[in-house]
Amino acid sequence: MPLISVKNLEKIYADDGISTPALRGVSFDIEKGGFIAIMGPSGSGKSTLLHILGFLDRQTGGTYLFDGKAIDDYNDLGLAHVRNKKMGFVFQTFNLLARSSVLDNVKLPLLYSDVPESQWDGLALKSIESVGLSNRLAHDPSQLSGGERQRVAIARALVLDPEVLFADEPTGNLDSKSGQLVMETIQRLNEEHHHTIILITHETYTAEHAERILRIHDGRIESDTAVKRRRNGNIFVK
Amino acid sequence: MIIKYVVKTSLSGLRAHKSRSLLTILGIVIGIAAIILVMSLGQGAQSLILSQIQAIGPRTIVVIPGRQPTGLTNILSTFTDSLKDRDLAALENKNNVPHLDTIMPVLFGGETASFGNNAYRPTVFGVTSLFAKIYNVYPSVGRLFNDDEVKSYSSVAIIGSKVKKQLFGNDDAIGQKIRIKNQSFRVIGVFSNSGQSSFLNFDEAAIIPYTTAQQYVFGIKYFHRLVVEADSEADVPQTVEDIKITLRNLHNITDPSKDDFFVETQAQAMAIAGTVTSVFTLFVAAVAAISLLVGGIGIMNIMLVSVTERTKEIGLRKALGATERDILAQFLLEATILTATGGIGGILLGSSLSFITALILSKILGLGWLYSFPVAGAIWGLAVAASVGLVFGIYPALHAARLNPVDALRYE
Numbered sequence: 000m001p002l003i004s005v006k007n008l009e010k011i012y013a014d015d016g017i018s019t020p021a022l023r024g025v026s027f028d029i030e031k032g033g034f035i036a037i038m039g040p041s042g043s044g045k046s047t048l049l050h051i052l053g054f055l056d057r058q059t060g061g062t063y064l065f066d067g068k069a070i071d072d073y074n075d076l077g078l079a080h081v082r083n084k085k086m087g088f089v090f091q092t093f094n095l096l097a098r099s100s101v102l103d104n105v106k107l108p109l110l111y112s113d114v115p116e117s118q119w120d121g122l123a124l125k126s127i128e129s130v131g132l133s134n135r136l137a138h139d140p141s142q143l144s145g146g147e148r149q150r151v152a153i154a155r156a157l158v159l160d161p162e163v164l165f166a167d168e169p170t171g172n173l174d175s176k177s178g179q180l181v182m183e184t185i186q187r188l189n190e191e192h193h194h195t196i197i198l199i200t201h202e203t204y205t206a207e208h209a210e211r212i213l214r215i216h217d218g219r220i221e222s223d224t225a226v227k228r229r230r231n232g233n234i235f236v237k
Numbered sequence: 000m001i002i003k004y005v006v007k008t009s010l011s012g013l014r015a016h017k018s019r020s021l022l023t024i025l026g027i028v029i030g031i032a033a034i035i036l037v038m039s040l041g042q043g044a045q046s047l048i049l050s051q052i053q054a055i056g057p058r059t060i061v062v063i064p065g066r067q068p069t070g071l072t073n074i075l076s077t078f079t080d081s082l083k084d085r086d087l088a089a090l091e092n093k094n095n096v097p098h099l100d101t102i103m104p105v106l107f108g109g110e111t112a113s114f115g116n117n118a119y120r121p122t123v124f125g126v127t128s129l130f131a132k133i134y135n136v137y138p139s140v141g142r143l144f145n146d147d148e149v150k151s152y153s154s155v156a157i158i159g160s161k162v163k164k165q166l167f168g169n170d171d172a173i174g175q176k177i178r179i180k181n182q183s184f185r186v187i188g189v190f191s192n193s194g195q196s197s198f199l200n201f202d203e204a205a206i207i208p209y210t211t212a213q214q215y216v217f218g219i220k221y222f223h224r225l226v227v228e229a230d231s232e233a234d235v236p237q238t239v240e241d242i243k244i245t246l247r248n249l250h251n252i253t254d255p256s257k258d259d260f261f262v263e264t265q266a267q268a269m270a271i272a273g274t275v276t277s278v279f280t281l282f283v284a285a286v287a288a289i290s291l292l293v294g295g296i297g298i299m300n301i302m303l304v305s306v307t308e309r310t311k312e313i314g315l316r317k318a319l320g321a322t323e324r325d326i327l328a329q330f331l332l333e334a335t336i337l338t339a340t341g342g343i344g345g346i347l348l349g350s351s352l353s354f355i356t357a358l359i360l361s362k363i364l365g366l367g368w369l370y371s372f373p374v375a376g377a378i379w380g381l382a383v384a385a386s387v388g389l390v391f392g393i394y395p396a397l398h399a400a401r402l403n404p405v406d407a408l409r410y411e
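Those protein sequences? They're chains A and B, same order as listed.
Taking numbering that gives the first Met the number 0, the leading residue of the first sequence gets 0, the next gets one more, and so forth.
Taking numbering that gives the first Met the number 0, the leading residue of the second sequence gets 0, the next gets one more, and so forth.
Just chain A, with the same shape it has in the complex (with noise of 0.2 Å):
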């Protein structure tokens, strides 16, 4: 059974009665542990696709099943429960918590799940270690660099060990040698501890991270191919 599967999946926006159609029609599947990269050009509803997949949005036609349920089987409860515990969202602006230090940005997923709160510390060091940031525990996100604040973000997505890592544009605010180091620790994650990763891009060097690039145009497939050479840091392998 996949992990995602959706089915003529459709989003239509409807602002002051003008209807703007995003998605019109996808299917797809991803396996467990697999890399997908996402690519297509701003408006092509990329974007759209990843927030429908992640949770933060609904679809207005078609079906989407995450671990073989469907998303309008989930209540408020269950849509957060697996939000919290099997998604991790990466996000191009970072949204981290401004005033809050590195350590309370990356407990906030421990705060609404149910690891008791002896744990939150070893977690979180734990996630904030494997992102390299240990030395920046107190920090504020603004005394923190872009690279570092987006290493931050992944550091909280993965503190509660996720099935699939949502990561829209990770590197799109970032120069290239920042880009670089988060794009190094998102393969990491798959390579070495297997965790899904859904990536947005647009950048093609970016995408060849990912074992598969799927491309969006106006809403619809274009194409859906194998990486047959995939970067590894700065190379390519295979």
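Please keep in mind that the hints were generated in silico from the structure rather than gathered at the bench.
We put the beta carbon where it would ideally sit given N, CA and C, even for glycine.
Please note that the accuracy of each hint is not assured.
20 Å max Cα-Cα, derived DMTMM-like pairs, lysine to aspartate or glutamate [said to hold, decoys possible]: (1) K311/B <-> D75/A; (2) K311/B <-> E162/A; (3) K7/B <-> D103/A; (4) K3/B <-> D103/A; (5) K84/A <-> E30/A; (6) K7/B <-> E162/A; (7) K7/B <-> D120/A; (8) K220/B <-> E308/B; (9) K311/B <-> E30/A; (10) K85/A <-> D139/A; (11) K311/B <-> D103/A; (12) K3/B <-> E116/A.
Label-pair distances were calculated between CB atoms; the ranges are [as the list claims (entries may be wrong)]: (13) H193/A <-> L21/B: 47 to 53 Å; (14) L347/B <-> K68/A: 53 to 59 Å; (15) R14/B <-> Y12/A: 24 to 30 Å; (16) N231/A <-> R401/B: 39 to 45 Å; (17) T307/B <-> T19/A: 33 to 39 Å.
Given the coordinates of chain A, assemble chain B onto it according to the supplied hints.
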């Protein structure tokens, strides 16, 4: 989410936006303090007015010459000369007014008083020695004049503290000669700073025998008032009737509507004052209601803005696994902490401000002003602040929590 984490989250949420939290609290503090101040001062003023009227004494009846004014146009008709020595004599007669205990003629008017190069314009009262008992004011230095001095047209005066200060400064005034309207008066007594009593300000008065006042100061043969005290409060209505009958007979008046005098009692004054103070109470309540409204709108605005501003944070929390209930609990507690802190601060600030004001009014201005804590005002203020604070602290949070997380996250 466990309650302990709700508390922690709310506190860290408030700490993360320190200045916003402080401004919100300040808004609530000011709103509630304003209500308490207004209500406390209103109550103080009201009880001051009532106590002043009560100071006249319930046995007191005042006979005033002229027709009772019924409006602004005929108010001048009060200043007539219908009360003279023969009226005084007729009223003193026990056969005419059996329950009359005391009667005192009163004359008054502003006149210039001088000592050396110093001059002041006090209100000169021509009275008998009874005035001290009726108005409960006694000289702190020197003495009152006696009946013999009244009968013999003595030129003696008791002056108020302010008059003494203006004419003599810190020097001793007793035994000194002052001039009132070219007549020389010997100062025999000085009132201490007594404050106002019964609407009469004795601090700015010079008290002289009424005989002297008629003869040498005002140059008239009639009285401005006759102040009567009945034997007891129960005798007041009968005494009023007796006074009216006696004076009508003397003045050959058969139709009461043609009376050339009228009679006032404390009961009437209280009735009039009751109307005045109930209007005053309404006014104070209206001002308090407006402050409540303004304070409420202030609290509403700051809550609405500060919670709406955090829509993005709410979206993020939901994306990380918060339920609607988690969000609501956090913002409910934040709003509760803000309104409770602001409410307590407002009550403290409002009551200390009104206490200080009462202190200033009573100590410095010498008014008999009493501080009172407006319980109703405090309860209303708290209730409005709490309900407005909670509704407008929670409503936008609830609205944001019900959005799809992505819509909340997109909020700018």
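Hint-by-hint comparison with the structure:
no.	hint	verdict
1	K311/B <-> D75/A	18 Å, holds
2	K311/B <-> E162/A	25 Å, violated
3	K7/B <-> D103/A	12 Å, holds
4	K3/B <-> D103/A	16 Å, holds
5	K84/A <-> E30/A	18 Å, holds
6	K7/B <-> E162/A	28 Å, violated
7	K7/B <-> D120/A	15 Å, holds
8	K220/B <-> E308/B	81 Å, violated
9	K311/B <-> E30/A	32 Å, violated
10	K85/A <-> D139/A	27 Å, violated
11	K311/B <-> D103/A	18 Å, holds
12	K3/B <-> E116/A	11 Å, holds
13	H193/A <-> L21/B: 47 to 53 Å	48 Å, holds
14	L347/B <-> K68/A: 53 to 59 Å	55 Å, holds
15	R14/B <-> Y12/A: 24 to 30 Å	38 Å, violated
16	N231/A <-> R401/B: 39 to 45 Å	44 Å, holds
17	T307/B <-> T19/A: 33 to 39 Å	26 Å, violated
Violated hints, in rising order: 2, 6, 8, 9, 10, 15, 17; the structure is consistent with all others.
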